[in-house]
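**Q** Chains A and B are the protein sequences, given in the same order.
Counting in this note's numbering, the final residue of the first sequence is number 527, and the numbers go up one at a time with none missing.
Counting in this note's numbering, the final residue of the second sequence is number 355, and the numbers go up one at a time with none missing.
It cannot be assumed that every hint is accurate.
[As the list claims (entries may be wrong)] Only pairs whose alpha carbons sit at most 30 Å apart, straight line, appear in this in silico DSS-like list of lysine-lysine:
1. A/Lys359 / A/Lys394
2. A/Lys509 / B/Lys104
3. B/Lys254 / A/Lys359
4. B/Lys254 / B/Lys70
5. B/Lys104 / A/Lys493
6. B/Lys186 / B/Lys104
Derived from the structure by calculation, the hints contain no laboratory data.
Every value quoted in this text rests on a predicted model; they were computed, and no experiment measured them.
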Amino acid sequence: MDFFLNNTFRDKTFFGSEKMKKDLQEKISDLKTLFAGSADFTVRNMELNTPDKVKAALLTMEGMCSKDIIALSVIDPLLAASFEKQAPDELLNIIETQILTSSEVVEFETVDDCIMFITSGFAVLAIDGTEKMFAIGTQGFSFRGVAEPESEVVQRGSREGFTEPLRINMTLIRRRIKSPDLVFETITVGDCSKTQLMICYLQNKASAEMLEEVRKRLNECDLSTVLASGYLSEYLEDSNSKSVFSGVGISERPDTVCGKISEGRIAILVDGTPAVIIVPHLFVEEFQSVDDYSNRPYYTFFIRLLKYISFFVAVFLPAIYTAFSQFHPEYFPTGLLIKTSEALLETPLPAPLEVILITFVYEIMREAGLRIPKPLGHAVSIVGALVIGESAVSAGIISSSTLMVVATAAICSYVTSALYPPITILRFIFIVLGGTLGMWGIVLGICVLLINMCSKTSLGVPYMSSLAPFSWKRMRDVLFRADWKSLAKYTMRVQRFEDTNIKFGGK
Amino acid sequence: MNKSAVGSIQLMVTLFVSGLFIILSQNYYSESSVSLIFTAISAVVGVIFTLLYFVPTIIIIKNTEKDFFAFARAVSSKLFVAVSLFYALYFVYVSGILLKKYADGFNQTLNPDANALVIVFVLLCISVYASNKGISAVTRCGVFIFVFCLISLILIYTGNISNLDFSDTTAFASVGKDSFIKSLSLYMSLGFVAVLFSGVAGRVKSFKVKYAVIVFAIFLLVVLLYIFFVVFALGKYGNQQNNQLFLLSKSAHFDNIGGLDCLFQSAFTFSVFITLSLLLIGLGRLTSKSNSLLIKILFAGIIFAMFVCMEFCSNNCKIMFSIYCFDVVTFIAAVIIPSIYIIAFRRKLNV
Chain A
21 MDFFLNNTFR
31 DKTFFGSEKM
41 KKDLQEKISD
51 LKTLFAGSAD
61 FTVRNMELNT
71 PDKVKAALLT
81 MEGMCSKDII
91 ALSVIDPLLA
101 ASFEKQAPDE
111 LLNIIETQIL
121 TSSEVVEFET
131 VDDCIMFITS
141 GFAVLAIDGT
151 EKMFAIGTQG
161 FSFRGVAEPE
171 SEVVQRGSRE
181 GFTEPLRINM
191 TLIRRRIKSP
201 DLVFETITVG
211 DCSKTQLMIC
221 YLQNKASAEM
231 LEEVRKRLNE
241 CDLSTVLASG
251 YLSEYLEDSN
261 SKSVFSGVGI
271 SERPDTVCGK
281 ISEGRIAILV
291 DGTPAVIIVP
301 HLFVEEFQSV
311 DDYSNRPYYT
321 FFIRLLKYIS
331 FFVAVFLPAI
341 YTAFSQFHPE
351 YFPTGLLIKT
361 SEALLETPLP
371 APLEVILITF
381 VYEIMREAGL
391 RIPKPLGHAV
401 SIVGALVIGE
411 SAVSAGIISS
421 STLMVVATAA
431 ICSYVTSALY
441 PPITILRFIF
451 IVLGGTLGMW
461 GIVLGICVLL
471 INMCSKTSLG
481 VPYMSSLAPF
491 SWKRMRDVLF
501 RADWKSLAKY
511 TMRVQRFEDT
521 NIKFGGK
Chain B
5 MNKSAVGSIQ
15 LMVTLFVSGL
25 FIILSQNYYS
35 ESSVSLIFTA
45 ISAVVGVIFT
55 LLYFVPTIII
65 IKNTEKDFFA
75 FARAVSSKLF
85 VAVSLFYALY
95 FVYVSGILLK
105 KYADGFNQTL
115 NPDANALVIV
125 FVLLCISVYA
135 SNKGISAVTR
145 CGVFIFVFCL
155 ISLILIYTGN
165 ISNLDFSDTT
175 AFASVGKDSF
185 IKSLSLYMSL
195 GFVAVLFSGV
205 AGRVKSFKVK
215 YAVIVFAIFL
225 LVVLLYIFFV
235 VFALGKYGNQ
245 QNNQLFLLSK
255 SAHFDNIGGL
265 DCLFQSAFTF
275 SVFITLSLLL
285 IGLGRLTSKS
295 NSLLIKILFA
305 GIIFAMFVCM
315 EFCSNNCKIM
325 FSIYCFDVVT
335 FIAAVIIPSI
345 YIIAFRRKLN
355 V
């Protein structure tokens, strides 16, 4: 294992199927070299009770394992047992079948596996004279408990949200879908981070082609470190679909993920993050929430209508206001025209600049409010309310009507919070278009936006599916939500949406 | 998973959008002697005739699952060179006329000082982007624009209900043969939609004729309502004006809320955008590299040059703007040439 010392290899952690050495001390020495004498790499040496006193060692990462579990289920039984003279391989076999009380024991013999198990919180048992080793499930690192996700709050429904450890997230899904068709597939990405992913799907619902495409795209991921779901989103997007909108959904709610999986979608759980990736992801899904399925259909319709209107208001209201006040004041109703004109006349800046300025200041304050420590958050609110809301208007720097328009658009943008990034960017673009070219500019912008959205696909499924390509059948859960008796008649599998073509969306 | 296909409704709805405002932006009731009944009859006859323009292409699609362009290329590549040249000229001609109408309308109704060349250039750039995304994206976009156009028209019409005045009895006066033919020829200019169909319908999966009939029935209803409101809401004032739909949108109001002409402007721009995109896709399909962006830019450049010629030489080439000339060329492109192919290559049609 001299190549351990080669930095090029070490950076890439490219050990492939290289087997461990038989000699225990050499094994430990190589691993210490590999981990560069890292302080958390610990070795517990032991001497087994055999006639020739075979040496053994327990290799762990400090903080990743539970010391109690190690003591109770590994060290205690090992030291208490007495063995006859046997070959090391046979000795290992006896240890696995008769001595260890841990529920999870995996045999391996390669360097790659050894690193993966140790860094994942397993205790690795090595004995002298054999390259075979055991990974014993003793994970016991501290983690955040299962709690309601702050970004996806619901009124009715589960209060559980995903957390960071992968296995707990798997459990949260398995508890909700107790079917043998639910499959979790493991993939490791990140040359350095070796992040574990779980591809989760229902084998009787998901499309085999889609699954293959997801596996292919994840395997093509050449990142060195994967620390969050967002790292993988761009790899899962269709290559021919550049857009401000995302074709990859994210959720922190197990019930949402289970609902999506049951429609043939594929979820990807990433170790170390509560955000689960869901593909394919469509535009209409941004307006759906778990509450929609708990509330009565008529109320769901009302809420969804509100969401769609809010989306349009958030994107277009400042732009239309700018275009009207700059180019088409005749479009304002008379009363509003008088008040708006009076307000705008008293301010020094032209309307488009005023709208851009306030929107920009608002975005700065939002970002500051988001990053600032919580106790100071109130200070930002007070400064924002007083400086912008009161002083700027009374000083005549900005008009009250402009402030109201920007504030309305800002509030509306939070109704569909997942769409906040595209809404913000589009709002600025349309304000510029409305301010320079008037309504005509906005219309041209809409043309480009519509074409962009309509050409976008998510794993080959048109992003605007249900609306365009239009389908009456699929509309049962878009604006209206059909009653459960109707919804229960058949499941809408995502791969059967009109114009779906996985190869078209692939790389 | 088959190749990306386009639904019948989606395509027909997009064609509806491309035809709608082109037709409605014309004046059908500019002579006070023309009666409402005869205008309505000419509209019905015109729309039904236009629907018949689709028949040759539908025959080809039903028998070969190819649109006319694909079929013509498959049966004789040498002959297709001549045919594609004709259709390329036709599409460029239609684009030129369309842009001239749009630019004139823009200057008359929105901004008289706007530079037509800039407007057309920007519109062409966007259309090139759209056509490069393909027929699927354009037809999906057409669904949204269709809904917007219908809502706009409903608002414009209902906003004019308070303006209706049935005291104008001249609306029911008799009509001369010439007026009827003139009116009919205006409606038949919608036939260019059938030519577009023959060029871009190849991706349609299991085309259903009923959708074409339904969409045209909606179209007919919209046109008849248009005539009705022009006659009874605008009255004699409307007869003497251009852009009657624009006037309708301008006069539409709900209490003191007006300004519906911005809906007209938006719908008109959307419609022209969709039509140009389809024309560029059609032009691309005439070449062997239908997906090439370069080809589309090249054709957009030719269309722009055509528009510049029309803009600066409009007095010298009036024949190009004649509705009769347009109808004849459209009839040849939509009916005569596909029919000749059907007859000449009927054996290949049956395969």
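**Q** None of the hints should be skipped; say for each whether it holds.
**A** Structure-based check of each hint:
no. : hint                : in the structure
1   : A/Lys359 / A/Lys394 : violated, 39 Å
2   : A/Lys509 / B/Lys104 : violated, 53 Å
3   : B/Lys254 / A/Lys359 : holds, 23 Å
4   : B/Lys254 / B/Lys70  : violated, 44 Å
5   : B/Lys104 / A/Lys493 : violated, 42 Å
6   : B/Lys186 / B/Lys104 : holds, 21 Å
Of the numbered hints given earlier, the model fails hints 1, 2, 4 and 5; all others are met.
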